[in-house]
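Novice: Sequence:
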Amino acid sequence: AAWLRRSKGMAVREEDLFITAGATHALHVAADLVSREGREILVEDPCNKGMLQIFLNKGCTIGRISADEQGLRTEELDGRQACAVYVTPSHQFPLGGILPAGRRAALIRFARESDSYIVEDDYDSEIRYYGDPVAPLHAMDPERVIYIGTFSKVLFPGLRIGYAIVPPELQPRWRSLRTHTDVQNPPFEQA
7 AAWLRRSKGM AVREEDLFIT AGATHALHVA ADLVSREGRE ILVEDPCNKG
57 MLQIFLNKGC TIGRISADEQ GLRTEELDGR QACAVYVTPS HQFPLGGILP
107 AGRRAALIRF ARESDSYIVE DDYDSEIRYY GDPVAPLHAM DPERVIYIGT
157 FSKVLFPGLR IGYAIVPPEL QPRWRSLRTH TDVQNPPFEQ A
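By the count of the working numbering, the sequence shown reaches residue 197 at its end, each step adding exactly one.
The set of hints was computed from the structure by calculation and includes no laboratory data. Here the structure is a predicted model, which is why all the values come from computation and not from measurement. Check before you lean on any hint, since a few could be wrong.
When the alpha-carbon atoms are kept at most 20 Å apart in a straight line, the in silico EDC-like pairs for lysine to aspartate or glutamate are as follows [to be verified]: (1) Lys64 / Glu43; (2) Lys64 / Glu75; (3) Lys14 / Asp147; (4) Lys14 / Glu149; (5) Lys55 / Glu81; (6) Lys64 / Asp147; (7) Lys55 / Asp84.
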């Protein structure tokens with residue numbers, strides 16, 4: 007929590023932070039957490055095929071939203087019935103765009119109005135060659151955003167330690183799902 011405050015300006019309570027076996031593991035738990043029958047999980051098109059495969063393997067209904075050089079095209083959200091939107095707003099994969107403020111606000115508004123969640127995959131925002139760090143969507147609405155991060159990019163890929171910041175109302179179900187997907191991360195690697 008202290009590192010997130012220093013590095014990203016995020017005010018995160020320790021009890022909202024969950025350690026996982028990497029960002030991929032966090033996304034597995036998040037997919038189970040947010041999926042609802044009859045509602046889509048919306049994803050950027052194009053997106054990371056490995057992350058998309060997680061949703062498909064879990065039987066989620068996928069809806070595609072075009073991405074351009076600025077990221078997710080939020081005007082395509084109108085009229086959609088989604089349980090969640092999976093995005094990489096700090097560095098859209100694979101196009102590289104940073105989601106601008108207007109689109110961020112539209113995405114948050116969509117989540118609030120449609121009673122859905124945003125799964126924010128912040129896989130590499132620590133790696134920047136110029137400019138200030140990009141503020142996460144989580145900072146705009148911690149009640150609607152499940153924020154997923156990893157230490158694999160800044161330390162080393164084999165570490166397999168990630169984290170998720172989960173809205174309080176989803177935490178009891180997160181704990182249950184997390185317990186049944188993996189017992190714990192090795193304490194030596196965490197230290």
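Novice: Which numbered hints are broken by the structure, listed smallest first?
Specialist: Failing hints, ascending: 2, 5, 6 and 7.
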